[in-house]
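Here the protein sequences line up with chains A and B, keeping their order. Sequential numbering from 1 applies to the first sequence in this note's numbering. Sequential numbering from 1 applies to the second sequence in this note's numbering.
Warning: the hint list may mix true and false statements.
[Said to hold, decoys possible] Facing chain A, according to a computed beta carbon distance under 8 Å, are these residues of chain B, among others:
no., residue
1, 71
2, 73
3, 75
4, 76
5, 166
6, 168
7, 311
[Said to hold, decoys possible] Pairs of lysine-lysine, DSS-like flavour, derived with a Cα cap of 25 Å:
no., chain 1, residue 1, chain 2, residue 2
8, B, 172, A, 172
9, A, 39, A, 29
10, A, 127, B, 127
No lab work stands behind these hints: they were computed from the structure. The beta carbon of each residue, even a glycine, is placed where N, CA and C say it ideally should be.
Protein chains: 2
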Amino acid sequence: MFKKYWIFVAIVVSVSGAAAQNTQSDILKPSAAQLAWQKAEIGVLISYDLPVFQGTPYNQAQNRITPFTNANIFNPTKLNTDQWIQAAKAGGAKFAVLTVTHETGFALYQSDVNPYCMKALTFQNGKGDIVRDFVNSCRKYGIEPGIYVGIRWNSYLGIHDFKVEGTSEFAKRRQAAYKNMCEGMVTELCTRYGNLFMIWFDGGADDPSKNGPNILPIVTKYQPNCLFYHNAQKADFRWGGSESGTVPYPSWSTFPFVFSHAARQDTIFANNFALLKTGSPTGKYWMPAMSDAPLRGHKGGHDWFWNPNEDHHVNPLDKMMSMYYGSVGHNSTLILGITPDNRGLIPNVDVQRLTEWGDSVKKVFKTPIANWSTKNKDYTINIPSQKVFSKIVLQENIQEGERVRSFVVEANINGEWKIIKEGSCIGHKYIGLLEKPITASSVRLKILTSTANPMMQNFAVY
Amino acid sequence: MFKKYWIFVAIVVSVSGAAAQNTQSDILKPSAAQLAWQKAEIGVLISYDLPVFQGTPYNQAQNRITPFTNANIFNPTKLNTDQWIQAAKAGGAKFAVLTVTHETGFALYQSDVNPYCMKALTFQNGKGDIVRDFVNSCRKYGIEPGIYVGIRWNSYLGIHDFKVEGTSEFAKRRQAAYKNMCEGMVTELCTRYGNLFMIWFDGGADDPSKNGPNILPIVTKYQPNCLFYHNAQKADFRWGGSESGTVPYPSWSTFPFVFSHAARQDTIFANNFALLKTGSPTGKYWMPAMSDAPLRGHKGGHDWFWNPNEDHHVNPLDKMMSMYYGSVGHNSTLILGITPDNRGLIPNVDVQRLTEWGDSVKKVFKTPIANWSTKNKDYTINIPSQKVFSKIVLQENIQEGERVRSFVVEANINGEWKIIKEGSCIGHKYIGLLEKPITASSVRLKILTSTANPMMQNFAVY
């Protein structure tokens, strides 16, 4: 059987047109940081900013053009970042990302270059540093800390889509000063809090030759192992093209060009972000898809920030499970938005749902019905009799690249091999959901095409 | 003799066209705050802002359009506001005004509404409050404290001549937020530091119905006895039309309309600010002229802010004396700009000049050669024999208004009355300098015209 699969492999012709099979050195592979990010599978984005304290629902369009005249509304009386991270961990997150600045421009730390920060507050006598609290809590609970820096919008300083309004010399100098300030913040954030798992410039940090600050050299210098997302020069992963918390199938980890929200909009906006969703198996950049969505996405909700009286927006468990299958199960890392409230705590209902969800994922995938061992010479699994299964999990060893291009999974049912799943991309993880549980004596994977020797790491049924 | 003057008075016809002599109630009079301001005669403006620390000379045009990207250059290692106020007092100042904000937008205190303030500094661990230090020093040395709030320009927030650049909805909201912030700062400044002698909005605070914040009600509410300078609604005094530290003669305390730099520019800009310089004896508003100039105004200098290596700009003593005569001696209050350096001290050479100047003024006017007493029924002074004099000082009791419209001073020299000075305005103080010292047996003042009974308070020769 094993040899049979190798026949398929041998006839692969690279879609890029290369006549021969790729050599090892041709194969795109993730960086160590990208690999860790994909293996993490789930992270949380914790959004916290002045609007949480405004007493009315967050409205992004308004928020972007309405400066907060009183930053001192920021006063979380029960602030507890341990509780945030415990909630994230209960949901299965392996990393957490905090909005150090979002679109108001207010910064959740002691910046020496951005006065519109916690220094400006009466809260904690102007000495608060939620970034430090957050990082400390992450380390305490074994969660990797990441930071989100919003520089595309800054309602306080009058920045709209990276730009200062106007064409005067004054506007030009304010633009230069803003770039300078952003570089200063990135330097502070990259040097004060130890190793960061990732840094996220929402909407990208634009092109440093245009309105973007020159932040890549700063991150590279001080945080060489940090995931960088993203500017016109570099993106260690890509947005998955929706805020549904899922990507369609297939979603390849490779992409044709360096992705930035702020660049090549014609291409990436086409067909409702189709290219972001699918990636491209012939892409020249390793740039896997992030699936992102807020936990509060139900009953009309889509809340990256906490709003008063909207506990009913918390997704039900089945929706969370679907999100898991449609992201992690589609070779994409899921980043779930969670929302500390105006007390400074993740609300109870959210904590409860995260816990249920984390428990549920763990329970479903606790013990496979059967699984293949890398020691096996072929991709066949014998199923214990009387066991039913409804999920197939496939994983490539993506440290060696994403090699599989097409596959089928067949089940031996009453002595007859039947295809129960057909697919293309496997990548870090493919979870195939069957329409209904089945019984079979054995299951086998056929890799039909691949760019080089497939390097499978896992094949199991649940 | 006395009756003779009354003949002149009796034939006065008000220039405004009123047929009869003004009644007491018709006569414009200063408020208590204005009276105190005119009686003070000399104040200082202490300018202190980020440019002091930039290492290069202050350039106002550049400063207005170039945000400071690093406020932490502000780090005066020997800051001593006592020393500032002692220097001001040595120069004869009775009040001192501090630039709480100038054109960078940086605020020298712990603002809760303007994050670009001392909270943003590492200096004094972000807890510094130079406004408080300054006010405390003023009170310690018996100097009246005033504050200067620059809101017309704010390079940090992108405010140019009161305005946010652009026409977008965002720009409109930023404009509204800026007005709101300015009102917040004025509220803070009017409520935190006890009674203020004056509040100075440089370039005016514009019209609240346009781009100006609505600050008059705030000042009126919290500082009802504070001199207000100025917006489109109110000005308790006026700029004297130059930064020479002098006004021409005559300079009346009354003015035809509420003065604002930002309003009625056609009228006030005409003839090199002629109307600001002279005022108008028929003006409907009591609004005496301020003469302002920096102490460092020599050899090409005109330095409201300290610059490195420019000690030679400090005015020589004779220029300071001329300034005194051309301001205080012309019925105008002199505000002298003094400049703490990057250590936080008024430089030694400035302190020395202020001391020399203060001593010199005191010495010149310590003891009159002769002076009239209000108990005298006419305005004649007998001069002790062999005494020479070169200066004539006249003062009206301006609490009762500025009544004199024309006068002559005559000296009896060898039995013959000769006119030695002719003038129009007296107001708070007129100092007439004779071309050379003279001897005379007596000197008399003839008030030729006035709007009502003259109310002289002082007539002396030195």
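Satisfaction of the residue 73 of chain B interface hint, Cβ to chain A closer than 8 Å: violated (11 Å)
Interface hint status, residue 166 of chain B versus chain A (Cβ within 8 Å): Hint on residue 166 of chain B: holds, closest Cβ of chain A at ~4 Å, below 8 Å.
Closest C-beta approach of residue 168 of chain B to chain A relative to 8 Å, hint status: Residue 168 of chain B check passes; min Cβ-Cβ to chain A is 6 Å, inside 8 Å.
Hint status (Cβ of residue 71 of chain B to nearest Cβ of chain A, threshold 8 Å): This interface hint holds because 7 Å falls under the 8 Å limit.
Hinted contact residue 311 of chain B with chain A - closest CB pair below 8 Å: violated (31 Å)
Pairwise hint evaluation, residue 29 of chain A against residue 39 of chain A, where the allowed Cα distance is 25 Å at most: holds (14 Å)
Chain A contact restraint for residue 76 of chain B - C-beta distance below 8 Å: violated (17 Å)
Pair hint residue 127 of chain A and residue 127 of chain B, alpha-carbon separation not exceeding 25 Å: holds (10 Å)
25 Å limit on alpha-carbon distance, applied to hinted pair residue 172 of chain B and residue 172 of chain A: Holds - the C-alpha atoms of residue 172 of chain A and residue 172 of chain B are around 20 Å apart, at most 25 Å.
Hint check, residue 75 of chain B versus chain A [nearest Cβ-Cβ separation less than 8 Å]: With Cβ-Cβ at 12 Å, over 8 Å, it is violated.
Comparing the model with each earlier hint shows violations of hints 2, 3, 4 and 7; every other hint is respected.
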